[in-house]
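If you read the protein sequences in the order shown, they are chains A and B.
Each residue of the first sequence is one higher than the last, beginning at 1 in UniProt numbering.
Each residue of the second sequence is one higher than the last, beginning at 1 in UniProt numbering.
Heads up, a few of these hints could be off.
Each pair may be met inside one copy or between any two copies, as identical chains are not told apart.
DSS-like cross-link-like pairs, simulated, lysine-lysine; straight-line CA separation at most 27 Å [as the list claims (entries may be wrong)]:
id, residue 1, residue 2
1, 31, 414
2, 2, 46
3, 218, 100
4, 272, 2
5, 395, 158
6, 318, 218
7, 108, 218
8, 79, 209
9, 55, 31
10, 218, 79
11, 347, 321
Since the hints were made in silico from the structure, they are not lab data.
Here the structure is a predicted model, which means the values were calculated and not measured.
There are 2 protein chains.
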Amino acid sequence: MKAAVVTIGDEILIGQIVDTNSSYISKALDKIGIATHEMLSISDDKTHILNTLAKLQNNFDVVVITGGLGPTKDDITKKTFCEYFSDELIQNDSVLSHVKEMIEGFYKRPITQVNIEQALVPSKAKVLFNKVGTAPGMLMEQENTVFISLPGVPFEMKYLVDNEVVPFLIEKYDRPFIVHKTLMTYGRGESLIAEQIENWELNLPSFIKLAYLPSPGKVRLRLTARGENEQALNEAILNEVEKLKPIIGEIIVGFDEDESIEVVIGRKLAEKGLTLSTAESCTGGKIAQQITSVSGASRYFNGSIVAYSNEVKCEVLKVDKNTIDTFSVVSAEVAKEMAENCKSIFKTDFAIATTGNAGPTKGNSDAEIGTVFIALATSNTVFVEEFNFGQPREKVIDRAVGKAFEMLNEIILKN
Amino acid sequence: MKAAVVTIGDEILIGQIVDTNSSYISKALDKIGIATHEMLSISDDKTHILNTLAKLQNNFDVVVITGGLGPTKDDITKKTFCEYFSDELIQNDSVLSHVKEMIEGFYKRPITQVNIEQALVPSKAKVLFNKVGTAPGMLMEQENTVFISLPGVPFEMKYLVDNEVVPFLIEKYDRPFIVHKTLMTYGRGESLIAEQIENWELNLPSFIKLAYLPSPGKVRLRLTARGENEQALNEAILNEVEKLKPIIGEIIVGFDEDESIEVVIGRKLAEKGLTLSTAESCTGGKIAQQITSVSGASRYFNGSIVAYSNEVKCEVLKVDKNTIDTFSVVSAEVAKEMAENCKSIFKTDFAIATTGNAGPTKGNSDAEIGTVFIALATSNTVFVEEFNFGQPREKVIDRAVGKAFEMLNEIILKN
Numbered sequence: 001m002k003a004a005v006v007t008i009g010d011e012i013l014i015g016q017i018v019d020t021n022s023s024y025i026s027k028a029l030d031k032i033g034i035a036t037h038e039m040l041s042i043s044d045d046k047t048h049i050l051n052t053l054a055k056l057q058n059n060f061d062v063v064v065i066t067g068g069l070g071p072t073k074d075d076i077t078k079k080t081f082c083e084y085f086s087d088e089l090i091q092n093d094s095v096l097s098h099v100k101e102m103i104e105g106f107y108k109r110p111i112t113q114v115n116i117e118q119a120l121v122p123s124k125a126k127v128l129f130n131k132v133g134t135a136p137g138m139l140m141e142q143e144n145t146v147f148i149s150l151p152g153v154p155f156e157m158k159y160l161v162d163n164e165v166v167p168f169l170i171e172k173y174d175r176p177f178i179v180h181k182t183l184m185t186y187g188r189g190e191s192l193i194a195e196q197i198e199n200w201e202l203n204l205p206s207f208i209k210l211a212y213l214p215s216p217g218k219v220r221l222r223l224t225a226r227g228e229n230e231q232a233l234n235e236a237i238l239n240e241v242e243k244l245k246p247i248i249g250e251i252i253v254g255f256d257e258d259e260s261i262e263v264v265i266g267r268k269l270a271e272k273g274l275t276l277s278t279a280e281s282c283t284g285g286k287i288a289q290q291i292t293s294v295s296g297a298s299r300y301f302n303g304s305i306v307a308y309s310n311e312v313k314c315e316v317l318k319v320d321k322n323t324i325d326t327f328s329v330v331s332a333e334v335a336k337e338m339a340e341n342c343k344s345i346f347k348t349d350f351a352i353a354t355t356g357n358a359g360p361t362k363g364n365s366d367a368e369i370g371t372v373f374i375a376l377a378t379s380n381t382v383f384v385e386e387f388n389f390g391q392p393r394e395k396v397i398d399r400a401v402g403k404a405f406e407m408l409n410e411i412i413l414k415n
Numbered sequence: 001m002k003a004a005v006v007t008i009g010d011e012i013l014i015g016q017i018v019d020t021n022s023s024y025i026s027k028a029l030d031k032i033g034i035a036t037h038e039m040l041s042i043s044d045d046k047t048h049i050l051n052t053l054a055k056l057q058n059n060f061d062v063v064v065i066t067g068g069l070g071p072t073k074d075d076i077t078k079k080t081f082c083e084y085f086s087d088e089l090i091q092n093d094s095v096l097s098h099v100k101e102m103i104e105g106f107y108k109r110p111i112t113q114v115n116i117e118q119a120l121v122p123s124k125a126k127v128l129f130n131k132v133g134t135a136p137g138m139l140m141e142q143e144n145t146v147f148i149s150l151p152g153v154p155f156e157m158k159y160l161v162d163n164e165v166v167p168f169l170i171e172k173y174d175r176p177f178i179v180h181k182t183l184m185t186y187g188r189g190e191s192l193i194a195e196q197i198e199n200w201e202l203n204l205p206s207f208i209k210l211a212y213l214p215s216p217g218k219v220r221l222r223l224t225a226r227g228e229n230e231q232a233l234n235e236a237i238l239n240e241v242e243k244l245k246p247i248i249g250e251i252i253v254g255f256d257e258d259e260s261i262e263v264v265i266g267r268k269l270a271e272k273g274l275t276l277s278t279a280e281s282c283t284g285g286k287i288a289q290q291i292t293s294v295s296g297a298s299r300y301f302n303g304s305i306v307a308y309s310n311e312v313k314c315e316v317l318k319v320d321k322n323t324i325d326t327f328s329v330v331s332a333e334v335a336k337e338m339a340e341n342c343k344s345i346f347k348t349d350f351a352i353a354t355t356g357n358a359g360p361t362k363g364n365s366d367a368e369i370g371t372v373f374i375a376l377a378t379s380n381t382v383f384v385e386e387f388n389f390g391q392p393r394e395k396v397i398d399r400a401v402g403k404a405f406e407m408l409n410e411i412i413l414k415n
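Start from the sequences and build out the full structure, keeping to the hints where you can.
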């Protein structure tokens, strides 16, 4: 079972937007045992689309395409599909009444000719009904390949993948199993880990593959097993993980597959009935934003104060002005006061505070660009650490957020 | 001048990470007149890499590849490059001394065999010296194609693109000009805009292409012109923009190419000497995070209170408990109080507040999932609007953030 995922749109090829659709689609396919062998982004150009479809046909079992289904002149996927499959567009009545309902009911305006054309679909296509938008998805089979065309708007694409595409593919194909297990490690470099686990890696069974996924401060180790017997795959992977524990157990902080650190932390806080708040200067609310991106965060997250000026640090977070004057606003002392005060303002078990200089200019302190202090207040103490995350701004903010989660994760494990 | 951008890595193909490198590379190429015609993501598999290189050779002038250059066993790009170009790996002394310096100087640990191997490069390759990491980039020419291989770590890739790849390509090729101009519009749907500008669009000169880039609440219109004379392209585009103004001028909020709404708002606030704060419930700090992602935000952004529980809304944001009890926490009245109190706590000219139910469960109010109230406090009044952004959670949060920026943008224009 081989799949290709294709995105159509010049906005991707000129770098105006990042393609997140392909990632969502390939993850959904992977979960049902269909491996994506190739992703492609191509232009809104008829010949380019036709050539791509021809190249993919019979080389892949499933081809999922997003983009180019909107109502405007640059959206040419539907017409090009017709040409490729020697088909013609016909009106689909249930799509038309749905489009009418959405435009007139939800958007409160009369339907236009452009809207009506959204209900035209190739006559041979299986229509994938799009409850959350006006452009339907389409599915066409030709020789050994199933071609699926979905709108490029992410939440519409996601709706159709979850509710139409995945159920269709599960029904149609017998699929092998793909089992992943990802170990999250913190605080040791990729090359050092590679040397330590070299013997273990050389002795992995041939159906298990290892990948290193390094990012600032952490390395994820992903084990992937493929085969016909799901239980055997799971057992084999667990067996390998057990062998790893004596070698690098101390740097493994989590085992879960798709889980980001904020999900792991959230679950641990909820399990232990502990609560968290944040006081953010240089991270500008990003810690809070990541924590609250997880549904159910209100069980353990009370809130945050983003204190972007010295006045706010003093007046809202109640940091002593003398501390700032004596030690500078980017200092361990200020970070500690921020964390302690945050903890008492929000009445939480833990509070995390950040103060630093993300750059590109020095701002209201003399600290080197990239310098960040992170403090973590717990029931009986405050930890504070100093970092220099270099440049640019985006990296400083992201690494500070990552480090804050890492410190929090360690503390929760001990509580 | 045609380019292809290739990413190598199973982590992309199984949807574990989103590829942001391709977008950065194609944008950098586009700026120097090199059009990316295709992006590809392929697996860490020797045959797959070899076949891809063969397919691209002579069909593209430039092929930029990222990934697979790390120090671990799953990083096979370098060896595969050698095989494709019938070359062998040799030690590069300046890379080796740089790797030593980074490991021993920055990471404070002895260099290992794995590190030393990072200094091996194909003998025919032009080495692209990577100041910010241990894996060098490589450039090989074969027949009509330049192949460039870069590490996949985003900040290393960015460093090499900006400092090595772009200067090399500028030196090597005569390139045409590509000029983009993007108009940002707010508050009107893609299909309605398409009907209104249909005649204008039909009469565009053939060297100018229009694209619609819709996202919740806004549509960007991108004009792209290609040709030999940069000044003539710029004039032709400006001429077309002037013709558009009488048709849809009232919904055009900005003209800048790469600017996001938070950059536009930031610049306008700074120009007018106005300040902003936010009080966020359902958006969880995302408005603050986006505002502070822009460097220099401290000139106009004072801070935020993320009030994720009723207690925090009452105790930190000083919302009257009676207001919550009478109208519910997801209500116009609570949003208004949050905005007004936020404005006075942070002493800003404007304050934006959000309260809503992002789902997937109902939480501490009876409001429908997707219901969000957004209030905007100004010097003399508070505006409040009610929305239903549907589901899922991620969309509700993103649309609420987008709507908040839209309301703010409108108000700033009037001030």
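Among the hints numbered above, which are violated by the structure, and what are their numbers in rising order? 1, 4, 6
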